[in-house]
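Assemble the complex: chain D is given as a structure, and chains P, B and H must be docked to it using the hints.
Chains as they are written, first to last, in this note's numbering: chain D, 1 to 332; chain P, 1 to 332; chain B, 1 to 332; chain H, 1 to 332.
There's no promise every hint is true.
Pairs count within a copy or across copies, as identical chains cannot be separated in the list.
Unchecked claim - Straight line, CA to CA, 25 Å or less: simulated SDA-like cross-link-like pairs of lysine to any residue:
no., residue 1, residue 2
1, Lys-259, Arg-158
2, Lys-259, Ala-228
3, Lys-45, Gly-9
4, Lys-45, Gln-24
5, Lys-259, Arg-235
6, Lys-45, Ala-231
7, Lys-259, Cys-93
8, Lys-45, Asn-254
9, Lys-259, Ala-231
10, Lys-45, Arg-271
11, Lys-259, Val-124
12, Lys-259, Cys-90
In short, the hints are calculated from the structure, not lab data.
4 protein chains.
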Amino acid sequence: MRALALQDGRLELVPDWPQPAPAQGEALIRVTLAGICSTDLELVKGYAGGFNGVLGHEFVGVVADTGAPDAAEWIGRRVVGGINIGCRRCAVCLSDGPEHCPYRTTLGIRNKDGVFAEWVTLPVVNLRLVPDSVADEAAVFTEPLAAALRIREQIAPRPTTRIAVVGPGRLGLLAAQVLALAAGDVTVLGRRPESLALPAQLGLPTGLVDARPDDSFDLVVEATGNDAGLAHSLRLARPRGTLVLKSTFHGNANVNLTKLVVGEITVVGSRCGPFTPALRLLEQSAGLRGRTAGVGVQVQPLIEAEYPLAEALAAFDHAAQPGVRKVLIRAS
Amino acid sequence: MRALALQDGRLELVPDWPQPAPAQGEALIRVTLAGICSTDLELVKGYAGGFNGVLGHEFVGVVADTGAPDAAEWIGRRVVGGINIGCRRCAVCLSDGPEHCPYRTTLGIRNKDGVFAEWVTLPVVNLRLVPDSVADEAAVFTEPLAAALRIREQIAPRPTTRIAVVGPGRLGLLAAQVLALAAGDVTVLGRRPESLALPAQLGLPTGLVDARPDDSFDLVVEATGNDAGLAHSLRLARPRGTLVLKSTFHGNANVNLTKLVVGEITVVGSRCGPFTPALRLLEQSAGLRGRTAGVGVQVQPLIEAEYPLAEALAAFDHAAQPGVRKVLIRAS
Amino acid sequence: MRALALQDGRLELVPDWPQPAPAQGEALIRVTLAGICSTDLELVKGYAGGFNGVLGHEFVGVVADTGAPDAAEWIGRRVVGGINIGCRRCAVCLSDGPEHCPYRTTLGIRNKDGVFAEWVTLPVVNLRLVPDSVADEAAVFTEPLAAALRIREQIAPRPTTRIAVVGPGRLGLLAAQVLALAAGDVTVLGRRPESLALPAQLGLPTGLVDARPDDSFDLVVEATGNDAGLAHSLRLARPRGTLVLKSTFHGNANVNLTKLVVGEITVVGSRCGPFTPALRLLEQSAGLRGRTAGVGVQVQPLIEAEYPLAEALAAFDHAAQPGVRKVLIRAS
Amino acid sequence: MRALALQDGRLELVPDWPQPAPAQGEALIRVTLAGICSTDLELVKGYAGGFNGVLGHEFVGVVADTGAPDAAEWIGRRVVGGINIGCRRCAVCLSDGPEHCPYRTTLGIRNKDGVFAEWVTLPVVNLRLVPDSVADEAAVFTEPLAAALRIREQIAPRPTTRIAVVGPGRLGLLAAQVLALAAGDVTVLGRRPESLALPAQLGLPTGLVDARPDDSFDLVVEATGNDAGLAHSLRLARPRGTLVLKSTFHGNANVNLTKLVVGEITVVGSRCGPFTPALRLLEQSAGLRGRTAGVGVQVQPLIEAEYPLAEALAAFDHAAQPGVRKVLIRAS
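Pulled out of the complex, with its shape left as it was, chain D reads as follows (with noise of 0.2 Å):
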């Protein structure tokens, strides 16, 4: 089959990769739509040491076949799968769940084939049901959302809560809107005016990182994944506040940390999140239109361009461009 793979740290559209077969409790998928993410290009860049194997792992497909004769069920439906595959051993799977299990593969990751590919196999414990009222370009978007969700899993903002999310990126975006939420009072912060006008688009408030005080949220959301981003985030957090680390950040970071322990700010690196949630808040979202921050989540205005995946180094090229909003990879 046809697979974007990343063999000893080059990027190859490969036209004859071996199609996967699914293993005892497997599901076999064929990719609709799959997305780009930062990862992707951290990866491409080196991060995390090495992967080799085809790249993905933001996707909507539709199971084939199962290596399980009671998941017949699941054959022909639309569906979205969690990324992370634990042992279902050890201690930390059976606590916490597979995204911190230390045996762990990870989609298009870590030892593990990704979705930037005509087919991918993925256990049917992983799999989400996807509902008909949510569209396929709708859906690629579960991955990320769910990550944004999880920010709501680890800390709680109250509804007085001043939050800033610094980096109008892709990801920044979902966070901002997942924190917008509940009558939360997220503004979106950028480094350029230009890049504030698709949070204005999205009804969030906004502004220039620069102009901003010292001091002046409870909670920062990092989501630039560069120094800079992070130097001003600290600066943002009031003292006692606290700053979620959402991005990867490639190599090592230079921080003063003068003000987090002056200031006793709280970090909390953030990471995967829960696709059911995702799931729901997308279905409750499918009808909004318009400028409606707080009031469900728009993922479609993110989306900056689609390639099939004949094309998708040009799309790999589009999407590291600066600025640049979600590209997506159209499988089949």
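For chains P, B and H alone, coordinates are given in the frame of chain D:
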């Protein structure tokens, strides 16, 4: 002025109650619309030991005058107002705010005449402007909606938390809608099928409380204010789960605490909440229609009837009937 | 063997109770010393609906045999043991542990014969070695001390938290000592001056519960198990404070919940706790003497009397008298 | 008077520094004994940008005079004192206290002369009486012990939490002792075997930091203040674990944040803590001797040397050497 007052336990429509004058720092407000809540009904029954004065604390009105020259900008503005008036000097006021000030008065509840009258006074610091897009019939729900949001200030429902609201009444339906935001998984439980029609119309999942098995929810909100509802709520909370008591109970409750101790349940009392996010939520929800649980809140379907102030006693009789939604009193 | 058993609500010393045999994975333990706790007294009164079998769950003993060849190293060792025996297959067991397993048995409380007998069996995974420096008379307190430590697992008293323990009984004095550690500010409150002699002897600040004003503690631990104690505990907790229910209540409690709701109190049920830190604390405290609240724990001053197993009925009579400390039964 | 002052980055023993006079509400204190801490050494290196004045903030002394007639009872009393002096008018002061007041001065650190001098002034509200049983040589540790207790205010180690303190220095050993209280499971980790002699003498479990596997602690306290210690601390924290930063870092830290994000670590900055429980802990521990980790705290073994104020420069040279314990300066 005309006012509905409780005097030595007797509720009376008084034609010539003295019109209040704004003290230093206070505003004089022409009441537009006011809502009857269960606490008002409990006060008439004798709850909180002998309040004497004008009842009522849910309202929207227009500022007519202020007792502060520097507050002239408020005159003519449409407002709602926080109901707790703290001493502003004690440690509680200076840290947590007026809600738990031991010297506080409370609008229509404790040593302060309320809003079932043509005029009322409140400190200017308690006032909040009503956005233009929020109708009076929505703004009058600010106070109970803030009380519902209070739950989100006290506990952090994760997106995966299984939540039940026991009691599909006025407050229960506000709490359920607020908890359904941000992808919350909420079910409204009632004793009779007909009580579930309104929550179903609001798009909320519903069920009969008797039909639900023990230990099946992570978080239960008790919104009935009676022993049977409390017993069910304790029964439904899973071991190590949380139970929020949102209703004031009249007199002593008769509770079997064994489940609470053996199941290590956490019980959280919950009262007044923040007005600013409540108004933000009403503004965001202003244009919404239809079955959209989880996406904004709908308050106007909760209105049962509206009476002129001259018929306030009839309004109370109506509100006291079982299964009745919000009864409003139009004062001007 | 000789055993003290509850049969159809009647407590009897049975001379020829069948000696248990260790099942697969279990150890057979010769009971050395066992303690009577309030739950035992409640079970005799009918709490928890009809346990039939040998009572008792606080003990220290010596392993005589095991039903597992690979557990031979336990033979001859002095042990205490966790009282909850989970199914080890359900989600609760695999995440939180056996304490809330819906299929659990509980030593001497629920479908599992207890320790007021010459022999008892327990799964090897439930056992903990007793350090040499910890005497039998201290080790027998491991289970109630673990239950006291459970409070510190559930809530985080800050060093500045004002704590009251209401009820200077067996469990109350363990809770107070554990909360006094790490610079805790703890007062033990009782109804009668004579009940305060022992806590004073342990170096704990004491007071009469009636003399304390409303709202004067941040954290209150209810350790009386009766309505009056519960009412005082609620009364003493400040608005937004916390109340821990540590005692099982027999039958229904009659509570005025107004303070709980209006004061937004959090109530936390608390039951079994961790054995490993309880043993560590007993070991650290082994050499301590005198008035040293806040520095280790003293358990042996809590011993009221010791009876041989042959006089276990007299031991129960003694333990049931008001104001009595821990009564021990020596089984071998 | 004689004073050790930092002037334009140069540390000097000044023979004729002007003796301070107590302002309204302040006390004039004769310094008895003062301690050199790492922050003092960092200030000399240029941390916190250019403090000019008398250094020093850890002390015990005797009140000689007050600038308040109603505070006469303080005269002649032995005291320690909180180091943050807030404006007492801003929202931070009125809610959280002076530690994070944006207008605060800080004794010997920020716009307020410190205690390496014969006399110092402090607001009376900052003073705490030293119990008679607490020697000057213990009381001088009140401030750093309060800073160690601050960890327990910010996070709640459960009795079963596996805790590492990385850095067996002055502050690390106070933090480790405080965390060992209440049955804490604490290991002190250092880079060289000889650095572990003192924690072992205090009865604390110890180990070499290099020898510990990744992800092996639930809670790690970073007490080295250098990049290597920080990297190890992040490495040792388990996924979803917590890292407390207790040391101020001089300049920028160079950190790999991948573990923080992917492992969803929580990092908590931690600074000043509460004096009252610190004094209570010193009083409770006054009579303790020997290897008793977990039972009170021992501070006097942490003393390396004592110098008269006239030899304060030599004291600083001594304190700046690696692996050195607390160096004291006797001012009178």
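Need the list of violated hint numbers for this structure, in ascending order.
Structure breaks hints 4 and 11.
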